[in-house]
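Asks: The opening residue of the sequence shown carries number 744 in my numbering; numbering runs sequentially from there.
None of these hints come from the bench; they were simulated from the model. Here the structure is a predicted model, which means the values were calculated and not measured. Careful, some of the hints might be misleading.
As the list claims (entries may be wrong) - Label pairs and their in silico Cβ distance ranges:
| id | residue 1 | residue 2 | range |
| --- | --- | --- | --- |
| 1 | GLU933 | ASP895 | 26 to 32 Å |
| 2 | GLN911 | ALA985 | 26 to 32 Å |
| 3 | ASP793 | PRO937 | 27 to 33 Å |
| 4 | ASP798 | GLY962 | 14 to 20 Å |
| 5 | ALA984 | ALA794 | 28 to 34 Å |
| 6 | ALA961 | ARG908 | 27 to 33 Å |
| 7 | MET898 | ARG827 | 17 to 23 Å |
| 8 | LEU910 | ALA977 | 20 to 26 Å |
| 9 | SER783 | ARG823 | 15 to 21 Å |
| 10 | GLY962 | ALA878 | 36 to 42 Å |
| 11 | GLY765 | ARG958 | 18 to 24 Å |
| 12 | ARG912 | PRO937 | 21 to 27 Å |
| 13 | ASN820 | ALA961 | 34 to 40 Å |
| 14 | ARG983 | ALA957 | 19 to 25 Å |
Think of the CB as a built atom: it goes at the ideal place given N, C-alpha and C, for glycine as much as any other residue.
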Amino acid sequence: MSTPPPAGSDSANGTVSTSRHGKVLLVEVDDGKANAFSVSMLAALDAQIDAAEADDGIGAVVIAGNDRAFFAGFDLNVIRGDDRAAMTELVTAGGAMVRRAYGSSVPVVAACTGHAVAAGALLLLGCDHRVGSDAPVKIGLNEVAIALTLPDWAMTIAKERLSRRHLQRCVANARLLDGSGAVEAGYLDEAVNPDAVVDRAVEVAAELAETLDARAYAGTVRALRGDVLASMDASIDRDRAAAA
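Given the sequences, and given the hints that come with them, work out the whole structure.
Replies: Next up, the structure:
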């Protein structure tokens, strides 16, 4: 990969930085820990997809984590806390972000730099192409193992993207998989040397940006994924209304 221009930081969340690589916007997230989702982090990611869609010079987005994790899921202090409104706000914001990636008018590529569990694994399912580490990382939906259930929007994207053969094991049995296992199950499209994950993701994104017609891609996404996106929207809206 060529040397990127100086990275910019999103003022809404100092853990999110961006750089341009030709027609690719690389969005890197590092909270210094395991990249647990907060509402502000999700808003910062959403803003970067907004920026990419509004810029004719960007043809694809890469979302990358830090050396430890892609994303570790939702902040469990909020999920297990007493503030039901805060919990609902976080979970529905996560659902909206996964849906945003899956419905984006520009391809979104994941650079899964480490572990990706719970909502982190769900974001993988919302990305067009997923590059991960061929390493003993942990990737998967572990909710049942930690006494949680998937919201309807999450079940929808899991059924859409995971291999039918692995769905029971991945969702109901909460199995966490390494890089190669995650490829077989459908969380990842390829697993490479851990040091090459971001470079490979940018390479894939650059190829998509060069070869796909932007208008045709956006229209095809609406046609191909419209029913799933509408189902996710309805689920997120129901969850918000129930908590109001």
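Asks: So which hints don't hold here, by number, going up?
Replies: Hint 14 is the one this structure does not satisfy, whereas the remaining hints hold.
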